[in-house]
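K.L.:
So the sequences go chain by chain: A, W, E, H and D. Residue numbers for the first sequence follow the working numbering, beginning at 33 and rising by one. Residue numbers for the second sequence follow the working numbering, beginning at 241 and rising by one. Residue numbers for the third sequence follow the working numbering, beginning at 27 and rising by one. Residue numbers for the fourth sequence follow the working numbering, beginning at 43 and rising by one. Residue numbers for the fifth sequence follow the working numbering, beginning at 12 and rising by one.
Hints are computed from structural coordinates only; laboratory data are not their basis.
Selected chain W positions facing chain A (Cβ under 10 Å, derived; list incomplete):
| # | residue |
| --- | --- |
| 1 | ALA802 |
| 2 | LEU805 |
| 3 | ILE831 |
| 4 | ALA832 |
| 5 | GLY834 |
| 6 | VAL835 |
Far from chain W, by Cβ distances over 10 Å, these chain E residues were calculated:
| # | residue |
| --- | --- |
| 7 | VAL34 |
| 8 | LEU78 |
| 9 | LYS79 |
| 10 | ASP80 |
| 11 | LEU82 |
| 12 | ARG112 |
| 13 | SER115 |
Note that CB positions come from ideal geometry on N, CA and C, so glycine has one too.
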Amino acid sequence: MQTIQSVDYLAVAPPLMLALTAVGVLVADAFLPARRSPWIGGAALTGVLLALAADLVLAVGVLPQDRPRGTFCVGASCSYSVDRFTLLFQAVLLVAGTVVLLLANGEVRRAGLPAGEFHFLLLTALAGALTIAAGRDLVILVVGLEVVSLPVFALVALRRYDGRSAEAGLTMFLVSVTSTAVMLFGVSLVYGATGSMLLDTISAALRRPGTPHTVAATGVVLVLVGFGFKVSAVPFHFWAPDTYQGAPIAVAAFLSVVSKAAGFAGLVLVLTVGFGSYAGVWGPLVAVLAAASMTVGNLVALRQRAAIRLLAWSSIAQAGYMLAPLGAAAGLVGEPRVLGVLAAATVGYVAIYAVMNLGVFAVLSFVGWIDGLGGGRLDDYRGMARSHPALALALAFCLACLAGLPPGLAGLFAKIVVFRGVLTGGYGWLAVLMAVNTVLGLAYYLAWASRLFAPGPSESTAAFGPVPRHVAIAVGLAVAGTALMSVLPQLVLGVAPTLGG
Amino acid sequence: MTAALAVPVVLAPFLAAAVGLPLGRRLPPGIVAIAGTAVSAVLAIAVAVSSRPAETLARLTPTGGIAVTVGVRVGGLSATVAVMVTLVALAVQVYSVGYLRGDPRYPSYAALVSLFTAAMLTVVLSADLLLTYAGWEVMGVCSYFLIGHHWERPAASSAAVKSFLMTRFGDVGFLFGVFVLGTAAGSFRITDVLAAVPTMSHTTVLAAALLMVVGVVGKSAQFPLHSWLPDAMAGPAPVSALIHAATMVAAGVYLVALLFPVFLAAPLALDVLAVLAVVSMLGAALAAFASADLKRVLAYSTISQLSLMFAALAVGGRTAAIAHLVSHAAFKALLFLCAGAVITAVGGGLLTDLGGLRRAMPVTFATMTVGFAALAGFPPTSGFFSKDLVVAAAGHAASGEAALVTVAVAWLVAVAVLLTAGVTAAYATRAWLLTFFGTERPAREAGPVLTGPLLALAAPALLLGLAALRWPELRPEWGSALASVAVVVLGAGVVLARWRAAPGRDPADLLGRARPLLASAWHTDDLYERTVARAVTGLAERVVAVDDRVVGRAVTGSGRNAGRLGGLIRLSQNGNPQLYLTGLLAGVLLIAVGVVVLA
Amino acid sequence: MHVVYPVVLAALLFSVGVYGVLARRNAILVLMSVELMLNAVNLNLVTFDAWLKDTLASGQALTLFVIAIAAAEVGLGLAIVLLVFRNRSSIAVDQLRDLADRDAPSAVPGETVAEREAAR
Amino acid sequence: MTVLLLVLPLLGCLAVLGLPPKRAAAFGVAVTSATLATALLMAATFDYHRSGFAQFSVNAPWIPLIDLRIHLGVDGISLPLVVLTALLCALCAGYLARPSGQPERPRALVALLLLTEVGMLGTFVALNLLLFFVFFEVVLVPMYAVIAGWGGQRRAAAARQFILYTLLGSGVLLVGLLLLYSRTSTMDMVVLVGRAGTGLSHGVQVLGFLLIAGGLAVKVPVWPLHSWLPDAHTQAPTVGSVLLAGVLLKMGTYGMVRIAVPMLPEGAVALAPALGALGVAGIVYAALACLAQRDLKRLIAFSSVGHMGFVLLGIATLTPVGINAALLGNIAHGLITGLLFFLVGGIAQRYGSTDIDRIGGGLLAKAPRLGSLLVFAAVASLGLPGLAGFWGEMLAMLSAFRPAGGLNPALYLVFLAVAGLGTVLTAAYFLVMLRRVAQGVVPPRWTAERFGDVTAREWVAWTPLLVLVLAIGLWPRIVLGVTDGAVRVLLRGG
Amino acid sequence: MTGAELVFVPLGAVALGSSVLVVTTDQLVRAALWLVVALGALAGCFLLLAAELVAWVQVLIYVGAVVVLLLFGIMLTRAPIGRSVDLDSGNRVAALVVALGTAGTLVTVVVGGFRTASIDLGDGSAGSAGTVGAGLFRYWVLPFELLSVLLLAALVGAIVLSRRDIGPRARDGGED
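The task is simple: from the sequences and hints, build the whole structure.
P.N.:
If you want it as structure tokens, here you go:
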């Protein structure tokens, strides 16, 4: 009875490497004298880059035959398997991680956050996110989700001298814990109804007539709640604006991009691999969530004057766009291939959204804290095109991408793919609602972008001083990623999890 | 060969205009314009002399449906009218050199008149109905520019706008008529259309004819679209002479004559035409008798004479109408040019300012007397012969021979023609007396440049009738001749008696209180002003208001409402985690219930 | 032993937890209610594991993991609650109004811990 | 060749940012002239006998997943519009480079102008639905920036309304295009035109036409969706107004002719009467609005709504004559309104305002040549035969007289009558405008002012338009000859 | 009603009653104590379901560690020992409605799904430490490792949040 499982270490390499770096960083921080703290940032960055290298090596192995590389398997279904979907998500998460680390560099120094612990927590959360992307059973997904959430509670509350930061931490903690409890209850019901935790076994069980369908349906829906919170879809979105405002800007960036991407990875895996045959149940629900998120997100964002809160509401609205294709799955129950196309639409949008959003957060972190608001108010950006032309152009480009308007071609292609997904599912009303929402979206992105070029007192933006190297690299990386997606979006479009038997 | 000759007839004035407009200032005044018109006149005469019908054809452009062609179509009718147009235009061009000496805008004026001549010749000689329409519209624009020659005077510019809009309204009718005929015949060429008339259904032909009537009424200032012509007198006199006497307003008559088979196939249209002609004939004649300005008298007289031609056409007298058209062109142009000379000499157009110019301006007196005689229809002037043909035609129709128009209408036309002859003689004599008799007034005879054309036009006004005796169908009939002469002598006699009884007093006082009513042609102009003009401007104001308030506001409003709705939802974001948790768990409950109920 | 008993008990426990989360003002009581909800989940998992006679023992394994997660959460949760207590000197959940969504910057620009230290 | 047509302005747009400000305008002229030369070369080497088939075509894959291919090509329908766009852009660049009126931040303005040109030319040469949509949207941001950056007092609101309203239109258009794609699974326009809607159910065709035509209607603008146009044109700088009126409006009608009508014939037959009704209502509505307008630029903007009404009527008849009329109407309106906006720009530069009461009349006395040019343009615009405006309107009315099968002829006769009334009203407001601005006596406040008549540079910018208006008026075969073949191919299903 | 059920029902009643008291008592410390009772009763239920390891772990960690931590929390936040009036926040009604709704829905779903199911515990070795341990380390190794990372992260997070010595270097560090 061989007790120890054969572990495919290469497949597990990326998250493993991150975890090791995290521990390394923590230990180094304990021994290194205070003035060496920039090294910690560097070490964290090298760790992430190594993980990215591992990811690419894996990609070379997996992509050609498109055969997923599973480990920790029980019979045919493995609970940790690396396929094109996982690799894409891990790559996106790691790139996002690099950019967030670059942003954090400046803020950690200026805001006096404890460098060692900050980077440790960030890396652990990132490792958790990577695991979710590769997880193929409910246990790993749940634990992974917790590994992503817990460090972030601490990170959010890290600005200990600012009362609002503690408040934000508490709000997020309470809402997150409750939604995890609800999700776990859902998992227990699904386990009870299908008899297994592995996604593809669940999928087979759901198709058998014998399973108690109401219980399974309720379980599926409750599981959806957990991911709904992570993705900050309406009505689970209340925590996001307050948390983004209270948290350090780098952590807000992490929340808005990495943790949201992890949430979507989990959601796509669960919905397509696990509950594919129940599309009739969760399809309409996801469509309603998508419609509500877009509309509420855009409407409230219209009234926002603080940059970080506007980004929070914008990310809620963008979550709505990402959910839309999945919502359209209801129309075509039982056709796995088309479900793959819809999932690919969401995955593509998430990848492009991640890169676009980071560009904006990079500029926000450069602007820093102005009278208690991370990234200041929109009016503080007035006339930035004159004092920091390159930065202003980068911000305008990223905002154009978010709005889905050329020259932001990446955003446009993402929107086209999502529109196509919704229409193949036959949800015409959702597509038209999305068209209206893109207009609402453009309204507030435009309000911000036009302030950059508005002739205002340029001495207020000049006060930000020269652009430090690490912010320049972060912005450069984000804009380069977006530009790449603008020209070659097929890198990220059309990638869906390999659906089991 | 004749067709090849006809093309330069049209192109010569067009080239003159094309050269004159940009370079006019540098060349001696009017040389280009007069040369162009002269060349055109000579060629027109050559074409008329050879008088063999011919046609040329060239495809202008494919349109996906019926192709638009360009070409010239020469026939007996078109040749004669072309000669008339070119000769009168030549006279006017020469006259204008003197009349507008020292006017800085003369070069553009001369070019526009040549452009007008080219447009009129296009209408006359065109082989394709669309090309006719093009010429028709260009004439309208040239008349707009020339009426608005003194655009610094508000009266002139508003008269120009009114003339263009009214004629444009008619032109739309004409265009639709062309569409009906063209689509029914499968081609816009006049020969094809006329050939296809028998095959067309009765309703199509009737519709086409009625639409043509609308077009023609607009252009020839017949009732109800007549009120623009009296105001058009704001333009310089030669313009009135050429455009508002001889050519443009006559184009309507020419067109009906050209498309006569269409009208023959739709007798109802002719009835309508006849009734309109009768109404405008009498109304204009009375208005001429009552109005106080010399040029307005002549303007109303033109409307009345045109109605005579239309009446002749209505009763089937096509040759009579054309004969009267030609003779009218000669003596009416003459009258306008004389009026121009008189006005420049005296410095005002009102009849009360004139008087006693007999000795001061002998040549003008002589030529204007010939003009008035022809207008009134005293033998042996050409006016007498052509009017007599019209009376004869009306007589035959009334006696039921031609049986074209319903007999009642034919009787109405005959009576109206005679009545109009009488009133015409009356107002001609009145104008003549008021201008040249009464208290002496210091005035100088106009220079040779002006009197030359007057004499040139006096000749045909006097001798044309006699020259035309050669053709049998142009000979007068004794019965109708005697009747018309009697009525003319009666009309003139009444006015002479009135003048001898109270020399110096305006014979129009005979009308007493009815005078202002008749002078303004039954206040039709103010009626249009109050109803159509005010309604349109009112509607325009309301449209602008609606556009700002409803359409504009609806859009900006939706933006603001979205903002307000956003503000409303924002209230839920009050920082209290408990509220967030309630929202979350309530959402979960709703979803769970939904799934349980539905699944 | 019918599955219904433990599963219904779990459902009821879960609902009591939900009530506790929504009704309680003190943050620590909310934490306790969340613990209740998690225990309900554990009960459910163990019951199904027993009922299914799962060879992988996934139900009990997940129960253990949930217990571990709950422990970690309480630890971190208390740290955050204490931080809030230090800043606001009260952990009443429904009094936290500073992050509300409003145009003007918040009246109290987040007085810092240092200020409170100095004040005391 | 088509690739060169797009690459030139794109490279120019990027390169101009590197230049010193004072040489930016000259560089702009160089690039736009080169593009114009390419367009003219294309026109010269174009095979007019096969004008129905795409020539100089390029077909390279870009994003296979959504079937977005760089498929460019020019045929009889798009060639005139390409040449018109290149010409107007060259004239605008020339107008910008005039010594007296150097705009501030010239590099940015020239760059935006070139980017707009890329978008416009791309829209006309794209033969792939999605590529058409991408170029359709590329135009939005630069035009917004031009209005917001260099416009009049209330430019911010006007620019925002322009871009938001048009984006809503293009959003709906995208939904329509993707609905079409989801049923035909190809984005290639030539193939779709060839299929002429076979295999598409009636409901899909009607819904597709409603969405696509609805989306494009905002751009045309069709009557009730026009409220962005007067503000955008009035607040835009002269260059912006010329391009907005001259080319941007045509992208809407071109889209309808190229995509909506041929690919969804049943949808077209079902909705053409509605389109015709809105178009005709637009003619009368715009004419009335212009009659009471107080601002000259706003009046010309509204006149565009009226002229586009005639183009829509042409399209709504679904006959070769109608479509030819629409395409010719596009070109004529582009030239005439472009000229009108240039003239109004000149007037605004001299009088400092475009308010009719402020100008007070007497332009013919004050600046005779400018005045007579204004008269010429106004007369051309009201459709005088012998000038370009006439043929578009006349043929549209002729086509309305005999609409395609399946359409209710009586209804179209009503449209014809209203359109005829529209021509009279159009003539009315133009002549009333002339009476208030060109004619009359120079008011005392301007008598002392010394401003020169048309300068040499202005003549250079405006003569091509004058010549073309006259040329097309006298010899419409220049445009109709090219489009007729292509229209027959289009309507017969390729 | 088999023997196990006879024991299970009262145990469940105790658990349920004490949990209701946890959420309704107006004394803070008493709430913690009632929580201990509830968790103990649940441990009993686990035993009944032949899941010994889980039962003992429950007692060890939940009752031992978690509740103790909560008590520390109560002490550190200087909560009044006796009766404190404002323990329930304003939206009690909403809470009751949502709770009852959730209860109703879940119970109907669960009962509908598992009315006929019954557990036969066999030899009761399923829940023994041996089998669960084997299962744990054969199939659920990765979550186990992940959990170690999670605990470490939680630990570090808790410590860093509560350390007072690492304050902001300059007072306006955060505001620049």
